[in-house]
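Take these sequences, add in the hints, and give me the full structure.
Here the protein sequences line up with chains A and B, keeping their order. Residue numbers for the first sequence, in numbering that gives the first Met the number 0: 0 to 253. Residue numbers for the second sequence, in numbering that gives the first Met the number 0: 0 to 223.
Warning: the hint list may mix true and false statements.
Claimed, not checked - Derived DEER-like restraints, expressed as beta-carbon distance ranges: (1) K253/A <-> T24/B: 26 to 32 Å; (2) L109/B <-> Q30/A: 35 to 41 Å; (3) D123/A <-> F156/B: 54 to 60 Å; (4) N9/A <-> A97/B: 26 to 32 Å; (5) G87/A <-> I71/B: 36 to 42 Å; (6) D64/A <-> C30/B: 55 to 61 Å; (7) I215/B <-> Q30/A: 53 to 59 Å; (8) Y191/B <-> I117/A: 40 to 46 Å.
Since the hints were derived computationally from the structure, they do not count as laboratory data. Think of the CB as a built atom: it goes at the ideal place given N, C-alpha and C, for glycine as much as any other residue.
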Amino acid sequence: MGSGNGTELNLTLKVWRQKNTKATGSFETHQLTGISTDMSFLEMFDVLNEKLISEGKEAIAFDHDCREGICGMCSMYINGRPHGPKQGVTTCQLHMRSFKTGDTIVVEPWRSGAFPVIKDLAVDRSAFDRIIASGGYISVNTGNAQDANNILIPKTDADEAFGAAACIGCGACVAACKNSSAMLFVSAKVSQLALLPQGQVERKERVLKMVAQMDEEGFGNCTNTGACEAECPKGISLENIARMNRELMGATFK
Amino acid sequence: MSQGFLKTSIGKKVVMGATGLFLITFLVVHCFINCLIFFNDGGLTFNIGADFMAHNWLIRAGELVLFAGLIIHVFQALILTLENKKARPVGYLKVDGAANSSWYSRSMGLLGTLLLMFLIIHLVHFWVKSRFTGLPGHDTNGNENLYAVMQETFKMFWVVILYTLAMISLAYHLLHGFQSAFQTLGLNNKLYTPIIKKVGIYFSIFVPFIFALMPILMYLGIIK
Numbered sequence: 000m001g002s003g004n005g006t007e008l009n010l011t012l013k014v015w016r017q018k019n020t021k022a023t024g025s026f027e028t029h030q031l032t033g034i035s036t037d038m039s040f041l042e043m044f045d046v047l048n049e050k051l052i053s054e055g056k057e058a059i060a061f062d063h064d065c066r067e068g069i070c071g072m073c074s075m076y077i078n079g080r081p082h083g084p085k086q087g088v089t090t091c092q093l094h095m096r097s098f099k100t101g102d103t104i105v106v107e108p109w110r111s112g113a114f115p116v117i118k119d120l121a122v123d124r125s126a127f128d129r130i131i132a133s134g135g136y137i138s139v140n141t142g143n144a145q146d147a148n149n150i151l152i153p154k155t156d157a158d159e160a161f162g163a164a165a166c167i168g169c170g171a172c173v174a175a176c177k178n179s180s181a182m183l184f185v186s187a188k189v190s191q192l193a194l195l196p197q198g199q200v201e202r203k204e205r206v207l208k209m210v211a212q213m214d215e216e217g218f219g220n221c222t223n224t225g226a227c228e229a230e231c232p233k234g235i236s237l238e239n240i241a242r243m244n245r246e247l248m249g250a251t252f253k
Numbered sequence: 000m001s002q003g004f005l006k007t008s009i010g011k012k013v014v015m016g017a018t019g020l021f022l023i024t025f026l027v028v029h030c031f032i033n034c035l036i037f038f039n040d041g042g043l044t045f046n047i048g049a050d051f052m053a054h055n056w057l058i059r060a061g062e063l064v065l066f067a068g069l070i071i072h073v074f075q076a077l078i079l080t081l082e083n084k085k086a087r088p089v090g091y092l093k094v095d096g097a098a099n100s101s102w103y104s105r106s107m108g109l110l111g112t113l114l115l116m117f118l119i120i121h122l123v124h125f126w127v128k129s130r131f132t133g134l135p136g137h138d139t140n141g142n143e144n145l146y147a148v149m150q151e152t153f154k155m156f157w158v159v160i161l162y163t164l165a166m167i168s169l170a171y172h173l174l175h176g177f178q179s180a181f182q183t184l185g186l187n188n189k190l191y192t193p194i195i196k197k198v199g200i201y202f203s204i205f206v207p208f209i210f211a212l213m214p215i216l217m218y219l220g221i222i223k
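If you want it as structure tokens, here you go:
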């Protein structure tokens, strides 16, 4: 860890603790002193967990993996916002310099009926996996890599498909949405394939199945507040939701 | 048409958007006709319009479609709201909604409920009298005098306040609803969306403002 500006923070943490899916959880308050502003938010949690373990208490469960903002594992609803106060970052990319000494930080798990709490701050996001499994794939054999310009794809389509493909499936859209809607996630996964030639074979079937699975999982309905787009660490656009709506209408009224 | 579509979350939203846009077209018609009071001719021109609207069979049939549209809009909203509440059984302790969305986009149900309550009062004030319980006679042109009812109603201070507050609710409801309907119907691209959003803002401010002017100017005696 670099020396940075050397500032240290004293913080009060209000963390959601829940033994398992069935248990009713509650908030637990912890005092932390001497937290370096260079730490990431997750490193701050590591420090807290070390402290809890040394006191003979149970560590706080939270999801994390790559810690460089590309895997989509870390979650945490921090002070009323998914992935905390910064835009366009995941929790692992949030640094303690975004906070002031004396701050009280409330940390909650993603809240959605479709994302049951496994333990503490870790939630079960397998609903997303089931949506992908229902149609978010292509089954055509694309063969070897094509020669450049063999399959012509308009630049705008390529860019939009790439933009949609940037989704890491973290679930911040669901956590941010007042309706727990998964439309931004599902629309990104529908769009990335609908825009490219390889996705055309199952285009209609795909959107029908993925929307059906999304609804079955119990996510809420989109009311276009735009909270998902604003909180998405990968900047997935609301245009994808409009495209999914078009795709579904096109697939239904063919 | 596929039965399943209307049961999907997207289908339900399309119904909201489509009925919303339909209700917006009604607002335009309603506003145009009411603007006839601005001729300030003792309501003679306005009564021509009102009399026509009350007796033309095509308009009366359209009125039924309008009510159907309104009822669908309200009930679909109710169903969606209940479903959305169910989707998050355990809520957050702290929510910073202002960080990622406008308060009115998150309060469409509340604004809609206020509008519905206003609408019932509004219908009792004018529509019930015009269609059922009868108007106070005819004007010098021989048209039914709905204008006289307006004059009576807008003499009351609380009514003027109520109508003004309702139009503020309408403005915020439209501010989200107008552009939101296009997004739901699948129209969102870099060329048209900025135009739709701009038109939506002008529309949402202009139309409720014109409506609110009517009771205010009549109360102040500027329109006699």
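Numbers of the earlier hints that this structure fails to satisfy, in rising order: none
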